[in-house]
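The sequence shown begins at 122 in my numbering and counts up by one.
Just so you know, the hints here were simulated from the structure itself, not pulled from any lab data. Just so it is clear, the structure is predicted and the values come from calculations on it, not from any experiment. Quick reminder that beta carbons are idealized off the backbone N, C-alpha and C, glycines included. It is possible that some hints are incorrect.
Said to hold, decoys possible - Taking CB as the label site, the calculated pair distances span:
#1 Leu872 x Pro343: 48 to 54 Å
#2 Phe463 x Gly786: 55 to 61 Å
#3 Glu876 x Ser334: 21 to 27 Å
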Amino acid sequence: MYPIMIAIMGKTLIIVESPAKSKTIQKFLGDQYEILASYGHVRDLPARSLGVNIDKNFEPKYQALKDKATVLKKLKSESKKSDLVLIATDPDREGEAIAWHIAHAITMKGTQIKRIVFNEITESAIKDAIDHSREIDMKLVNAQQARRVLDRLIGYKLSPILSKKIRKGLSAGRVQSVAAKLICDREKLILAFIPEEYWEIKADVAHEKDLFSAQVVAHGDPKSKLSIPNESVATDVSSAIESGTLGINSIKVSPLKRQAPPPYITSTLQQDAARKLNWTTKKVMMIAQQLYEGVEINGEPTGLITYMRTDSTRISNEALDQLRSHIQSSYGDTYLPKKPNFFKSKSGAQDAHEAIRPTSVTQTPAKLTPILSGDHLKLYQLIWNRFVASQMTPCQLQRTTILFHSTPGDYYLRTSGQVVLFDGFTTLYTSPDDEESKVKGQLPPLKESDTVTLKQVHSEQKFTQPPARYTEASLVKEMEEKGIGRPSTYSPTLSTILDRGYVEKNNKSLCPTELGMVVNEQLDQFFNEVIDIQFTATMETHLDEITEGKYEWQSIVDEFYTPFSSLLDKANEDMEDIKFGERHLGQDPATQENVYVKIGRFGPMIQLGDPDPEDKTKKPKFSSFLPHQDPETVTLEEALELLSLPKEIGLHDGEPITAAIGKYGPYLRYKDAFYSLTDRDPTQVQLDEAVDLIKVQQEQKAKKVIQLFDDHDPVVQVLNGRYGPYINSDKKNYRIPKSQDPEALTLDDCLALIESQKKNKGKGRKKKGASK
Numbered sequence: 122m123y124p125i126m127i128a129i130m131g132k133t134l135i136i137v138e139s140p141a142k143s144k145t146i147q148k149f150l151g152d153q154y155e156i157l158a159s160y161g162h163v164r165d166l167p168a169r170s171l172g173v174n175i176d177k178n179f180e181p182k183y184q185a186l187k188d189k190a191t192v193l194k195k196l197k198s199e200s201k202k203s204d205l206v207l208i209a210t211d212p213d214r215e216g217e218a219i220a221w222h223i224a225h226a227i228t229m230k231g232t233q234i235k236r237i238v239f240n241e242i243t244e245s246a247i248k249d250a251i252d253h254s255r256e257i258d259m260k261l262v263n264a265q266q267a268r269r270v271l272d273r274l275i276g277y278k279l280s281p282i283l284s285k286k287i288r289k290g291l292s293a294g295r296v297q298s299v300a301a302k303l304i305c306d307r308e309k310l311i312l313a314f315i316p317e318e319y320w321e322i323k324a325d326v327a328h329e330k331d332l333f334s335a336q337v338v339a340h341g342d343p344k345s346k347l348s349i350p351n352e353s354v355a356t357d358v359s360s361a362i363e364s365g366t367l368g369i370n371s372i373k374v375s376p377l378k379r380q381a382p383p384p385y386i387t388s389t390l391q392q393d394a395a396r397k398l399n400w401t402t403k404k405v406m407m408i409a410q411q412l413y414e415g416v417e418i419n420g421e422p423t424g425l426i427t428y429m430r431t432d433s434t435r436i437s438n439e440a441l442d443q444l445r446s447h448i449q450s451s452y453g454d455t456y457l458p459k460k461p462n463f464f465k466s467k468s469g470a471q472d473a474h475e476a477i478r479p480t481s482v483t484q485t486p487a488k489l490t491p492i493l494s495g496d497h498l499k500l501y502q503l504i505w506n507r508f509v510a511s512q513m514t515p516c517q518l519q520r521t522t523i524l525f526h527s528t529p530g531d532y533y534l535r536t537s538g539q540v541v542l543f544d545g546f547t548t549l550y551t552s553p554d555d556e557e558s559k560v561k562g563q564l565p566p567l568k569e570s571d572t573v574t575l576k577q578v579h580s581e582q583k584f585t586q587p588p589a590r591y592t593e594a595s596l597v598k599e600m601e602e603k604g605i606g607r608p609s610t611y612s613p614t615l616s617t618i619l620d621r622g623y624v625e626k627n628n629k630s631l632c633p634t635e636l637g638m639v640v641n642e643q644l645d646q647f648f649n650e651v652i653d654i655q656f657t658a659t660m661e662t663h664l665d666e667i668t669e670g671k672y673e674w675q676s677i678v679d680e681f682y683t684p685f686s687s688l689l690d691k692a693n694e695d696m697e698d699i700k701f702g703e704r705h706l707g708q709d710p711a712t713q714e715n716v717y718v719k720i721g722r723f724g725p726m727i728q729l730g731d732p733d734p735e736d737k738t739k740k741p742k743f744s745s746f747l748p749h750q751d752p753e754t755v756t757l758e759e760a761l762e763l764l765s766l767p768k769e770i771g772l773h774d775g776e777p778i779t780a781a782i783g784k785y786g787p788y789l790r791y792k793d794a795f796y797s798l799t800d801r802d803p804t805q806v807q808l809d810e811a812v813d814l815i816k817v818q819q820e821q822k823a824k825k826v827i828q829l830f831d832d833h834d835p836v837v838q839v840l841n842g843r844y845g846p847y848i849n850s851d852k853k854n855y856r857i858p859k860s861q862d863p864e865a866l867t868l869d870d871c872l873a874l875i876e877s878q879k880k881n882k883g884k885g886r887k888k889k890g891a892s893k
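The task is simple: from the sequences and hints, build the whole structure.
As structure tokens, this is what we get:
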């Protein structure tokens, strides 16, 4: 209806952001439409000045971008020839602001300007958008202005302080600094983590020809949790189970359902693409943008997915009807739920557009395989599978849990397995939970009266693990959960902190650099509120509320800037001049190499020499500080003493003793063993003092070792445990009968006991009271 009216009126100019999008749209519309690209923003705050008049209610001073002069000239020229200008920038806050700036730049008397938005680049969506053109939404524009002004105030007011106090060229940002803080805080937890020993005991259990593994989980009360803190306890528990009787205590069979996941939003697409395709968030968004704007299919640009920056799981009624019809015809009624699956968007979601989905579910990956390139097809397959799976029936499973009871020790062992009864949505999409379900497998059919046989008991030493470093995917998940940033900012934020050297990648892990840790420490001390996670999340909520008309944008900026300006004054006065990496102590007289004090990721350190760009094998030498030393006052002489480590301090029984300092403090090394120096100075320790320290620590260690047969492979030891002596070999423990003296055991005695216990691991007996 509307396109016919336009044709009567005359020429219509449609302005989009990218030329790729203009090609895709042009094929849907007739010659009466001219489609041009703005190539993104055409106006912005000035690059080399604040550009915000704080005294005039934070009035922004926009100016046309120099590199867009030719573009603007063309847009103005074509708008003069047009009866109607439709601005079709992206359907979000940034897109609305770009539309507003374009309108300001090209407005002239007699030109009618309207805004159109669409969630997908299809013929029906484009024509529907034209039919429903509207005015520019100033609430959306103002939300973007508030964000832009806030970011400019932080960048231009805070960055000079960091440059002055730490290192030239540093910058801070409202979202980037909080993302960096998350990574730095995680690193601090990892560094402070103290591993705790624990042991895991598993038993090989047999029933007829079936063999499966069960883990020791409780003692006395089957609902309790058994803690096995050390080797001695593990030996005692293992011995009690080996010498005891094992029977089935209970069997529980329960049905399980795994519900279909919602279609992708920006964050979940980035996380899944990282997990399944090993892609960065930047690559995900680049390929998704191309799929949205249009890729060449049979010589024509075709938009294959909906807009990729979204936090809504909603899909249109038309897409839902098409999808349910496709599932029924392609997979059958058993995969189609009676009613559509509906998903609740997370709290705070803008819900401005749909979830990420294919523009047509009938464009299956199989149809596109001969047409799409590798990366485009991989991401499209991911999006298509998840979308179709989201409206499928649940995956039906059956879980079996068997609890065994070992008497007379009164220990309980548990094993579980599960089997998929009906795959449901997992026929197309699997999550880590679904993949784990398949690994668990099926247990043999058992009854509580059945006899089982204990074959072997294994004990394994383990240690608690520190929290894992963030990956790009897990950081995006954390940012989303904590309300930091929005779909459009996740990927640029990651790129910024990586590009500016605050964070680096180690394999997939995000690690703070030395510089990142130092900057974060200063921001944490002087601008805690600015990089506070809750404060940042609240500010994001306020920006969303501007779009709803709840606040004037200037009031939100003022609410932030008033306390921020006082923090700036305090930081200018009180922030320490760190001069990151710039303290030069002098030169080493022996080598003429420079000596520095630097701030490393793990704290202050001393560096001797500079990297040689032409000789990659030549690297500087580093040393840690002693606990009592102050990096600010250390002298060149003291630094050179530390750099002299490790050094040999003498011989003992013909073997050298070396003093050194490491990450965990000073230590001695003797015969490939390490001995702590605790608070002693390794540069001053004397030979007789070192020998005494080694002897004391050797005696402490020897109290645990009764016998050592280290000429046997594997090594066999008779050790003193918390609950008495035992044999250890090849990471396994074996009990010593009370009738034998541990100190009198020979190697052959030990091997005989080991072999005997391997062959006779206890005979299975029926559960008390069970009938054949």
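We went through each hint and held it up to the structure:
For leucine 872 and proline 343, the hinted distance range of 48 to 54 Å is not satisfied, since their beta carbons lie about 37 Å from each other. Range check, phenylalanine 463 to glycine 786: about 58 Å between beta-carbon atoms, so the 55 to 61 Å window is met. A hinted range of 21 to 27 Å holds for the C-beta pair glutamate 876 and serine 334, which are about 23 Å apart.
The structure fails to meet hint 1 from the earlier list, while all remaining hints are met.
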